[in-house]
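Spelled out from the first residue to the last, the chains are:
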Amino acid sequence: MSNKLIDLQNISKSYGSNIILDEMNLYIRENEFLTLLGPSGCGKTTTLRIIGGFETPDKGQVIFDKKDISKLPPNKRQLNTVFQKYALFTHMTIAENIAFGLKIKNKSKTYIDDKIKYALKLVNLDGFDHRMPDSLSGGQQQRIAIARAIVNEPKVLLLDEPLGALDLKLRQDMQYELIRLKNELGITFIYVTHDQEEALTMSDTIVVMNQGYIQQIGTPEDIYNEPENAFVADFIGDSNIISSTMVRDELVDILGAKFTCVDTGFGENKPVDVVIRPEDVELTAPEAGTIQGVVTHIIFKGVHYEMEVTANGFEWLVHSTKMYEVGTKVGIYIDPFNIQIMHKPVSEDEEAVSIDE
Amino acid sequence: MNRKWMSTPYLVWSIAFIIIPLCMVFYYGFTDKTGAFTLANIIAITMEEHMKALWLSMLLSFISTIICILLAYPLALILCNLSVNQNSFLVLIFILPMWMNFLLRTLAWQTLLEKTGVINSILTSLHLPPLTIINTPYAIILGMVYNFLPFMVLPIYNSLSKIDPNVVNAARDLGANSIQTFFKVIFPLSLPGVISGITMVFVPALTTFVISNLLGGSKILLIGNVIEQEFTQTNNWNLGSGLSIVLMIFIIISIIISTITDKDGEGSSL
Numbered sequence: 012m013s014n015k016l017i018d019l020q021n022i023s024k025s026y027g028s029n030i031i032l033d034e035m036n037l038y039i040r041e042n043e044f045l046t047l048l049g050p051s052g053c054g055k056t057t058t059l060r061i062i063g064g065f066e067t068p069d070k071g072q073v074i075f076d077k078k079d080i081s082k083l084p085p086n087k088r089q090l091n092t093v094f095q096k097y098a099l100f101t102h103m104t105i106a107e108n109i110a111f112g113l114k115i116k117n118k119s120k121t122y123i124d125d126k127i128k129y130a131l132k133l134v135n136l137d138g139f140d141h142r143m144p145d146s147l148s149g150g151q152q153q154r155i156a157i158a159r160a161i162v163n164e165p166k167v168l169l170l171d172e173p174l175g176a177l178d179l180k181l182r183q184d185m186q187y188e189l190i191r192l193k194n195e196l197g198i199t200f201i202y203v204t205h206d207q208e209e210a211l212t213m214s215d216t217i218v219v220m221n222q223g224y225i226q227q228i229g230t231p232e233d234i235y236n237e238p239e240n241a242f243v244a245d246f247i248g249d250s251n252i253i254s255s256t257m258v259r260d261e262l263v264d265i266l267g268a269k270f271t272c273v274d275t276g277f278g279e280n281k282p283v284d285v286v287i288r289p290e291d292v293e294l295t296a297p298e299a300g301t302i303q304g305v306v307t308h309i310i311f312k313g314v315h316y317e318m319e320v321t322a323n324g325f326e327w328l329v330h331s332t333k334m335y336e337v338g339t340k341v342g343i344y345i346d347p348f349n350i351q352i353m354h355k356p357v358s359e360d361e362e363a364v365s366i367d368e
Numbered sequence: 002m003n004r005k006w007m008s009t010p011y012l013v014w015s016i017a018f019i020i021i022p023l024c025m026v027f028y029y030g031f032t033d034k035t036g037a038f039t040l041a042n043i044i045a046i047t048m049e050e051h052m053k054a055l056w057l058s059m060l061l062s063f064i065s066t067i068i069c070i071l072l073a074y075p076l077a078l079i080l081c082n083l084s085v086n087q088n089s090f091l092v093l094i095f096i097l098p099m100w101m102n103f104l105l106r107t108l109a110w111q112t113l114l115e116k117t118g119v120i121n122s123i124l125t126s127l128h129l130p131p132l133t134i135i136n137t138p139y140a141i142i143l144g145m146v147y148n149f150l151p152f153m154v155l156p157i158y159n160s161l162s163k164i165d166p167n168v169v170n171a172a173r174d175l176g177a178n179s180i181q182t183f184f185k186v187i188f189p190l191s192l193p194g195v196i197s198g199i200t201m202v203f204v205p206a207l208t209t210f211v212i213s214n215l216l217g218g219s220k221i222l223l224i225g226n227v228i229e230q231e232f233t234q235t236n237n238w239n240l241g242s243g244l245s246i247v248l249m250i251f252i253i254i255s256i257i258i259s260t261i262t263d264k265d266g267e268g269s270s271l
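These protein sequence lines map, in sequence, to chains U and V.
Counting from 12, one number per residue, gives the positions in the first sequence under this note's numbering.
Counting from 2, one number per residue, gives the positions in the second sequence under this note's numbering.
With the rest of the complex left out, here is chain V (with noise of 0.2 Å):
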């Protein structure tokens, strides 16, 4: 008990820059320029450029963490049924991205993708038509399942890793071919990976805003851009951190989802 002190920097930490930007984000969501308690914030989500914002920003964070799941799913699979060594090794080639900067990345991504960027020219040397991704949704889900791909693979790697060899065996021992057995014993105990990759994913895809800026110019708005543009560009705090708190709200509905399902805790294993 007598170690308590020694919490005290995290708690320092924690009220400096968690605590106290929250009360802020909250102060000015409810409040207006003049300081006086409104709801005009929040309820400025329903204006329609702000609705169309998160309406694409859901889609577009939907359809990558979907295809996330369809690539992440047999890679872990792979990644499971290979002997440590070669395990190992595959699993370091897919996390050694991660280990560079995140704009770094996005930014390479720019650069093969732009109109006269790597990609284009390689394919009119080959004399194709070029093609034009950059600026499209499609480069925005094309970064998204980059970027998070990752954090799809391993919690279901995870909790792959964790079913019992002979939990498979005996399912083969009481009749079932490998489809049944896949689809009836090893998919629904990976269900709680799938749910914590689900999350892991989704969110930050709903918050991305470098991603929209970098890939998808200044034409696509995602929900990030306008919470961003409202505080660096227009200077509305007030109405930023309104948006802000609406989208937190999604965002605890998403986690609260996924802790009723995930009971194990394989996601907090990262």
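Here chain U stands alone, though its shape is the one from the complex (with noise of 0.2 Å):
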């Protein structure tokens, strides 16, 4: 893998006695798309403010190809922003907003109209040179604002929720966007959010932060399949997180009843967290499945049926195509793969939390 071309070392950040980061540790690799993911008030912003500049620690030390820039002032950094809410200066043209960091840096004029247009039809908006920007859509805003900062050819873009005001449909094509504009300028993004939909799109590493620790750094595959503990779980998609006694190895006691797992070396008779996604409860016949239960809510959601069984005194959410009336009675069988078995969490930061995103 490319070496390490963020690295943060022990970051801690409080405002008076608000612990926003505690001892963080993170690197980004060169060329990495990077999300910082997790719920208002985790750090993820502050984080992103440290690395370009907005913040400074209380302690530790933001290592950027090997030099410190702890200190440095946001203009002497060799990276860009895409502010929330887009950030333009309203009071210049397209063309004036996007030549603004080349004109800052002395670039003669046609290096600077190259830019521009270059900028424009990577971000597919040719021919606004000369609007305002307060006459350009949500969405055409967005894209001047990553417009503006990509023509300083930054070895690294720092995103802030870039597409937190835009409506649904415009950000599922945002997404697609910046997904291809990582490819084309082949560049370090480092991208915050708190949707998680957006994080298991785009990334190829995602941070689940939650009160200002680190919670699991891993691909999408490896947060959503195995989560480490009951915060990520429950914050990336929809999770039944059962409290449950680890038998031995490859037994566990779910709800009183025995199921096969694939994990080991949790120990005997030992207190763990259960994991199990809702499209991997199979509803069957009562008598077929390893725990017996009754349809109690039936959603339709389009593409499946969202499902809430009871069995063994626990409220199951099950996701399946296939349709249950209320009222019938079923059995669940779990493929021991898709049981997730998780240690307890030891602090309290690491405990679920509800979300109300």
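Calculated directly from the structure, the hints in this document are not laboratory data.
All of these numbers come straight from a predicted model, not from anything done at the bench.
Positions of the beta carbon are idealized from the N, C-alpha and C atoms, including for glycine.
A couple of the hints might just be wrong.
What the hints assert, rightly or not - Computed footprint of chain U on chain V, listed as stretches where at least three residues anywhere in the stretch have a Cβ under 8 Å from a Cβ of chain U:
#1 163-169
#2 176-184
Claimed, not checked - The calculated lysine to aspartate or glutamate pairs, modelled on DMTMM-like cross-linking and capped at a C-alpha distance of 20 Å, are:
#3 LYS185(V) x ASP145(U)
#4 LYS185(V) x GLU239(U)
#5 LYS96(U) x ASP165(V)
Hints given; two lone chains; assemble the complex.
What follows is the structure in structure tokens.
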């Protein structure tokens, strides 16, 4: 894998008695699309602002290309930011907005003109040179903000919830657009969002954060299929999180029933958390299931039905393309590979919290 | 639509105290003592003493406005960069004098600046030469700046505080240092506030006669004083009205200029 471009070492930041980041360590490799994901107040935006130079960490160092840049002001850093709500210069035309960074660097007029043309083409807005930012839609303004940042040829592009203000359809289009841009430009993207779907779609690496701590770092597949704790499991997609007991290797007691699983090394009769994704809960005839329950709720979701099944005192969330009427007695079967065993949280910070976003 | 009647008191008020007096000014301005139509009262502005007063008014108002901008802009910047608590306290300190009567404040300056006033007494007791400020144009400028400064600070503060901090961050991010950021981004974005501040200082300064009366003695005549004298002393309402119309034209021009440049209505928030 390519080398570390940015290395955050022991970063701490607090406002008054409010600790935002605590001894955070994280590195970002060259050419990586890394997403900082978490609920509001988890420290993801502060992390981005520390990398961008808009905040100084109380403790720790920001290493960029093997040099400590912790004390450098934003204008001396080789990276550019795409801000939430675009932050375009409303008193300048689109062309002047894009040229801003280049004019500061005293580039020649022909160079700047070429760059403006190139950038507008890249974001599919040719011919918008002389428009004012106010006359553009949100999606267009966002693309101008990206164009304004990338003409400076930064090594790293920081994006602070850039799609937050856009509607769903546009957001999805822009996600593909960003992946395309990333591949065309070949630069490192650091992306901040609270939208797990956005993170799963675009990232090479996802960093799940909560209350100033990194909960898990991994590929989208890792994060989704093998969440390290209940918070990650709960934050990334829907899941059934059940407090259970690990009887011995490859056997777990879930709500009084014994399930075979594939995990080992948790010890004997140890309390654990079990995560089962709703699409991995298989409904069968009552006698074919490991445990039996009754369907209590059903909603049609388009691709699948979302059902709630009460079994052994737990409300199971089930996604299935097959429909079961409310009141039907069903059996529940789970493939051993789909049972994800996690250690009980050691600190409060890792505990699952309800997420209202 | 049925609530239209609720605007009746306002309508009556504006007819009685704005429309009718204005019509009377126009009537007197375009007639002579016998009631016959004439343009003499308007043309009277070209008389040397009137031109001198108008020119002096414009000059002193202009200087006061410039001084107000130079004082108000840094102050507004400081106010914007303070936390909410400190900020509201400072704004209060600043607005506090505005709650006191305008005349009273100007009279207080008279007492301070007089030949044997507070300032000169202090200077004499320190064996320093006394200053002659009262009854000079400097005293008038001082009075104008003192009285109208808040009207410059507030619109500038208003437009500065509306700038999204991320727009400033974006400029820094794109490589601008703090000075470039100020001149390329912060100042242009605050310009509407500066322009409405200019109108709000320049127009009242141009028409004042109280400040020049109290701090300029009776020797320095501004156009406001000339008009006041025509009404109160010479009893020539026709000439007073004619000169008022000319002054009104100057004011309307400056308001038009400011509305063209101030599209967002920064000043209307005051």
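Taking the hints in turn, this is what the structure says about them:
Residues of the segment 163-169 of chain V with a Cβ under 8 Å from some Cβ of chain U number 3, which satisfies the need for three, so the listed coverage holds. With 4 residues having a beta carbon nearer than 8 Å to a beta carbon of chain U, the segment 176-184 of chain V meets the requirement of three or more and the stated coverage holds. Only pairs whose Cα atoms come within 20 Å are accepted, and LYS185(V) paired with ASP145(U) is accepted, the gap being roughly 18 Å. With a CA separation close to 49 Å, the supplied pair LYS185(V) and GLU239(U) exceeds the 20 Å bound.
Restraint check for LYS96(U) and ASP165(V): the C-alpha separation of about 10 Å stays at or below 20 Å, so the hint holds.
Hint check: a violation occurs at hint 4 only; the rest are consistent with the structure.
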